[in-house]
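*Asks:* For reference, the chains in residue letters:
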Amino acid sequence: MSREELAARQAALLAALVADGPAPAGIAPERLALEAGALRAKRRRVLVRLLPPDVAEALGADLAPRLDAWIRGNPRRTGTSTHADADAFVASVRADGTLPRARRGWRGLRATGRSWH
Amino acid sequence: MTPVPEGPSGVGIGWRREIDLTVERLPGVDFVEVVAEDLHPDALPASLQTLRGRGLPVLPHAVSCSLGGAEPLRVDRVEHLAAVADALGAPMASDHVCFVRAGGLESGHLLPVPRTREALGVLVDNVRAAQAVLGVPLALENIAPLLAWPDAELSEGAFLAELCDRTGAFLLLDVANLHASAVNLGQDPDEVLGELPLDRVVYVHAAGGVERDGVYHDTHAHPLTAPVFDLLDALCARRRPPAVLLERDDRYPTDDELAAELAALRAVHSRVRV
Numbered sequence: 001m002s003r004e005e006l007a008a009r010q011a012a013l014l015a016a017l018v019a020d021g022p023a024p025a026g027i028a029p030e031r032l033a034l035e036a037g038a039l040r041a042k043r044r045r046v047l048v049r050l051l052p053p054d055v056a057e058a059l060g061a062d063l064a065p066r067l068d069a070w071i072r073g074n075p076r077r078t079g080t081s082t083h084a085d086a087d088a089f090v091a092s093v094r095a096d097g098t099l100p101r102a103r104r105g106w107r108g109l110r111a112t113g114r115s116w117h
Numbered sequence: 118m119t120p121v122p123e124g125p126s127g128v129g130i131g132w133r134r135e136i137d138l139t140v141e142r143l144p145g146v147d148f149v150e151v152v153a154e155d156l157h158p159d160a161l162p163a164s165l166q167t168l169r170g171r172g173l174p175v176l177p178h179a180v181s182c183s184l185g186g187a188e189p190l191r192v193d194r195v196e197h198l199a200a201v202a203d204a205l206g207a208p209m210a211s212d213h214v215c216f217v218r219a220g221g222l223e224s225g226h227l228l229p230v231p232r233t234r235e236a237l238g239v240l241v242d243n244v245r246a247a248q249a250v251l252g253v254p255l256a257l258e259n260i261a262p263l264l265a266w267p268d269a270e271l272s273e274g275a276f277l278a279e280l281c282d283r284t285g286a287f288l289l290l291d292v293a294n295l296h297a298s299a300v301n302l303g304q305d306p307d308e309v310l311g312e313l314p315l316d317r318v319v320y321v322h323a324a325g326g327v328e329r330d331g332v333y334h335d336t337h338a339h340p341l342t343a344p345v346f347d348l349l350d351a352l353c354a355r356r357r358p359p360a361v362l363l364e365r366d367d368r369y370p371t372d373d374e375l376a377a378e379l380a381a382l383r384a385v386h387s388r389v390r391v
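Taken in sequence, the protein lines are chains V and W. FYI, this note's numbering numbers position 64 of the first sequence as 64, with every residue one higher than the one before it. Heads up, this note's numbering is the position in the second sequence plus 117, with the first residue counted as 1.
If you are wondering where the hints come from, they were derived from the structure by calculation, not from laboratory data. Take the hints with a grain of salt, since some may be wrong.
[To be verified] In silico SDA-like links for lysine to any residue, alpha-carbon gap of 20 Å or less:
hint, chain 1, residue 1, chain 2, residue 2
1, V, K42, W, G311
2, V, K42, W, E154
3, V, K42, W, A376
4, V, K42, W, E135
5, V, K42, W, D268
6, V, K42, W, T233
7, V, K42, W, E235
8, V, K42, V, G26
9, V, K42, V, W70
10, V, K42, V, A69
11, V, K42, W, E328
12, V, K42, W, D366
13, V, K42, W, R357
14, V, K42, W, P122
15, V, K42, W, A204
16, V, K42, W, R134
17, V, K42, W, P340
18, V, K42, W, V332
19, V, K42, W, G131
20, V, K42, W, L165
21, V, K42, W, H339
22, V, K42, W, A343
23, V, K42, W, L315
24, V, K42, W, R234
25, V, K42, W, R356
26, V, K42, W, V152
27, V, K42, W, D203
28, V, K42, W, H226
29, V, K42, W, V180
30, V, K42, W, A275
31, V, K42, V, G97
[Claimed, not checked] Some chain V residues well away from chain W (every beta-carbon gap over 10 Å; in silico):
hint, residue
32, E4
33, A7
34, A11
35, L13
36, A19
37, A28
38, L34
39, D54
40, R66
Glycine included, C-beta positions come from ideal geometry on N, C-alpha and C.
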């Protein structure tokens, strides 16, 4: 196996894990699903920590499903920092009008932002 | 005896912003480790300056160099690690035996490389390139795998041993990850310990996790478990590493609980063995 082949196999595994790519041969499907879930959970934790408090509060119970949908639909591209990932998620929420303009301060951040992971 | 000049000794804890004051107050902290990607070398948190002022070693630990990645090395990630190490006056730096990006995507977490000759060659090349950028010795950490690639040509111990041998890199041995390999991949951790160059271990990571449905999850969000203490004990019985560090990243317990875990690690680490 050449370095190029290894690069292709690594890309195929990562695509299967985060971008709905086909399952690579030779890797147990249930472990693939476990790893994909672990990567999503890790990204959720990172995103929640980086969200502005008004976003977490405004979304309330919708935060978890919105984040999950974002993570599944928007694999993080090389060169995109975790901060840029959080900014893009917030922009997507603002774009559809879910997020009120008024900031309500920090109260409630922990209750809404950290209760579900 | 530390294999790295000015390397850590004793017991340490992973510094995190959420527990910065806790880390400053905790008794029995001989050194700390910081995630390099969380820091900017020009704007170190005041808490780290405080710890540095007390003479505590602060060791940068990277998660994004992707040293096992077969694509060209992102030298900017290594340069960031080098700059953080320099700003901290650190005697060493570390990252993992893993890949985190491929095909234009970021995994966001550590993924295993195939244990093949080809993947080993990639690691050797990338580690040498990273060493050329870093101004301090580089240590490499074994990861906690959830899945295995097919067609492994070397055991984990032989793979890591040859990697260290060919690059001169040191080992940051994670005993919780060793336990994860045992549960998740069926490896015998004692065999791995037997194959590793234990004289190259600069320090050890210990962390908590949970086992669910026969799979061990290295969460860093749960208390340390008995198998992790047992592996630290088995390691110390073979050759006592210079230092051991507690990693806790989430669901932070009380200061007393953290202090108790540090004391428990110290008890195993410093136990007199005949």
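*Asks:* Each hint: holds or not?
*Replies:* Now the hints, each set against the structure:
1. V:K42 <-> W:G311: violated (32 Å)
2. V:K42 <-> W:E154: holds (15 Å)
3. V:K42 <-> W:A376: violated (26 Å)
4. V:K42 <-> W:E135: holds (17 Å)
5. V:K42 <-> W:D268: Roughly 28 Å between the alpha carbons, so the hint for V:K42 and W:D268 is violated.
6. V:K42 <-> W:T233: It is violated: about 28 Å lies between the C-alpha atoms, which goes past 20 Å.
7. V:K42 <-> W:E235: Roughly 29 Å separates the two Cα atoms, so the pair is violated.
8. V:K42 <-> V:G26: Given pair V:K42, V:G26 is violated - Cα atoms ~25 Å apart, limit 20 Å.
9. V:K42 <-> V:W70: holds (14 Å)
10. V:K42 <-> V:A69: holds (15 Å)
11. V:K42 <-> W:E328: holds (17 Å)
12. V:K42 <-> W:D366: holds (11 Å)
13. V:K42 <-> W:R357: violated (33 Å)
14. V:K42 <-> W:P122: The hint is violated at about 35 Å.
15. V:K42 <-> W:A204: violated (28 Å)
16. V:K42 <-> W:R134: holds (18 Å)
17. V:K42 <-> W:P340: holds (19 Å)
18. V:K42 <-> W:V332: Roughly 17 Å separates the two Cα atoms, so the pair holds.
19. V:K42 <-> W:G131: holds (18 Å)
20. V:K42 <-> W:L165: violated (25 Å)
21. V:K42 <-> W:H339: holds (15 Å)
22. V:K42 <-> W:A343: violated (25 Å)
23. V:K42 <-> W:L315: Given pair V:K42, W:L315 is violated - Cα atoms ~31 Å apart, limit 20 Å.
24. V:K42 <-> W:R234: It is violated: about 30 Å lies between the C-alpha atoms, which goes past 20 Å.
25. V:K42 <-> W:R356: violated (34 Å)
26. V:K42 <-> W:V152: Given that 20 Å is the threshold and the Cα spacing comes to 15 Å, the pair holds.
27. V:K42 <-> W:D203: Violated, at about 29 Å.
28. V:K42 <-> W:H226: holds (7 Å)
29. V:K42 <-> W:V180: The hint holds at about 13 Å.
30. V:K42 <-> W:A275: Violated, at about 30 Å.
31. V:K42 <-> V:G97: Distance ~27 Å between V:K42 and V:G97 Cα, so the pair is violated.
32. E4: violated (8 Å)
33. A7: At roughly 4 Å from the nearest Cβ of chain W, V:A7 sits no farther out than 10 Å, so the non-interface label is violated.
34. A11: violated (3 Å)
35. L13: violated (7 Å)
36. A19: Answer for V:A19: violated, closest chain W Cβ roughly 6 Å.
37. A28: violated (7 Å)
38. L34: violated (5 Å)
39. D54: Check passes; 20 Å lies beyond 10 Å.
40. R66: holds (18 Å)
Against the hints set out earlier in the document, violations occur for numbers 1, 3, 5, 6, 7, 8, 13, 14, 15, 20, 22, 23, 24, 25, 27, 30, 31, 32, 33, 34, 35, 36, 37, 38.
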